[in-house]
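Trainee: Chain by chain, the residues run as shown.
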Amino acid sequence: MTTPTTIPTPIFPPLSDMGLFPLPAPDAWMWRFHYTDGTAFSEFDPQVLDAGTPQERLASHGFAEVDIARVAAIELVAMRHGLTDHLLLLDDAAQERPIFFRHTKQFLADGVVLQRLRVTVIGAQRTSGTGKRARNLARYTAFLENGVSISTTDPQQIYRIGLNYAS
Amino acid sequence: MAATANIEYFNGVALTAANDIENGGTKLRYNKSDDLTTSTTPVVTPSSAGTNYSFVKYLGMYVTVPAPTILTNLSIALGNALTTGFAIFAAAIAAGSYVQAGTSTAVMTDNATTDVTAAGTPPNIVGVGATRLSTTPTVYDATGGSANVTNQLVGKLAATVGAVGNSYVGGGGNVFVAGTSNASQIVVAYDEA
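Chains as they are written, first to last, in this note's numbering: chain A, 1 to 167; chain B, 168 to 360.
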């Protein structure tokens with residue numbers, strides 16, 4: 001007897017399934033920064049998500065608008081089926097500062113774009129030591145849109161994702 | 168939300184976004200004319216020691232759907248190694264320094280003595296020392312620019328040139344039309360936040 005394969009209905013479906021965004025969702029994850037006072041700042045405005053037009057819902061904020069000094073945690077909210085949310089807590093004692101960016105690659109072969117690859121990266125950076133011994137240290141976690149994640153302290157490992165190396 | 172930014176080819180007397188080489192548009196072709204369509208001006212393989220260059224092909228990130236973000240670390244690389252005898256070079260050119268391919272400082276002078284080898288000296292492109300592309304990304308513009316624009320170039324241009332040397336196994340005098348599988352993959356990338 002074969003066991004039927006069923007996909008469980010998620011309790012909290014991605015925002016794209018709630019009719020709030022045109023399909024497919026524009027990004028795999030939406031960022032949300034949680035501040036030390038308990039408030040949160042989301043890439044998309046919650047009030048607009050509830051009452052706005054589709055165009056207004058797509059209006060978003062940029063990382064430059066985030067109050068870096070007040071961030072306590074970085075959340076990635078899944079926007080597509082099969083992806084999960086992620087949360088990164090910053091070390092307040094170490095005075096960690098948030099890192100966020102999306103890294104996008106476009107592959108041209110035979111003169112046309114064959115493939116795009118986008119990696120969503122969150123992380124934290126801090127200064128270790130003082131004076132001449134001060135060093136900037138950072139940790140990154142990169143999330144591919146197939147669900148794979150990579151944690152590293154070397155950003156070059158993120159930039160090498162998707163590239164073919166001979167050795 | 169991330170902006171929609173595509174790799175675009177620029178040409179013309181004035182800097183102009185030409186064909187959208189993404190989404191099945193015109194293929195990126197390293198020929199000896201200021202367009203992507205002319206197949207009658209190929210880069211010819213040298214019949215003796217030397218390197219022949221294509222016209223400059225300007226590439227850049229072109230935003231069509233804006234977002235309140237900034238594109239940084241614009242880079243270009245090869246997806247895999249090129250066939251022996253081929254090379255692609257790139258130099259970062261500010262939009263304000265654009266010179267139409269085949270004119271003035273954008274004229275590429277063929278090298279009649281030195282094959283395009285890994286140890287060779289890269290040419291100057293529009294007066295700027297170029298970098299031979301490899302599988303390691305070359306950041307041609309770390310600063311980039313705002314993506315909150317529509318139908319505009321963001322950051323600098325990657326001025327690229329295709330080159331074929333006598334070491335190309337196709338033999339001397341054969342026609343070299345880059346933009347086919349010989350040219351391998353070109354990978355452009357950027358960060359956005």
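It should be emphasised that the hints constitute simulated quantities derived from the structure, not laboratory data.
Remember, it's a predicted structure, so these values are computed and weren't measured experimentally.
Note that the Cβ used here is the ideal one computed from N, Cα and C, for glycine as well.
Mixed in with the good hints there might be a few duds.
[Unchecked claim] Not everything, but these chain B residues come out facing chain A in the computed CB check (under 8 angstroms):
1) 195
2) 233
3) 355
[As the list claims (entries may be wrong)] With the Cβ distance kept under 7 angstroms, some of the chain B side facing chain A (calculated, not the full set):
4) 202
5) 217
6) 250
7) 251
8) 356
Trainee: A separate judgement is required for each hint: does it hold in the structure or not?
Mentor: Hint check results:
Among the interface hints, the one on residue 195 of chain B holds; its C-beta lies about 4 angstroms from the nearest C-beta in chain A, closer than the 8 angstroms criterion. Hint status for residue 233 of chain B relative to chain A: violated, with the closest Cβ pair at about 10 angstroms, above 8 angstroms. For residue 355 of chain B, the shortest C-beta to C-beta distance to chain A is roughly 5 angstroms, which falls under 8 angstroms, so the interface hint holds. With 7 angstroms as the threshold, the beta carbon of residue 202 of chain B stays out of range of chain A, its nearest partner Cβ sitting at about 13 angstroms, so the hint is violated.
Look at residue 217 of chain B: its Cβ only gets to about 26 angstroms from chain A, farther than 7 angstroms, so that hint breaks. Interface restraint check: residue 250 of chain B against chain A, minimum CB-CB distance 14 angstroms, threshold 7 angstroms, status violated. Interface restraint check for residue 251 of chain B: the shortest CB-CB distance to chain A comes to about 14 angstroms, outside 7 angstroms, so the restraint is violated. About 4 angstroms separates the beta-carbon of residue 356 of chain B from the nearest beta-carbon of chain A, less than 7 angstroms, and the hint is met.
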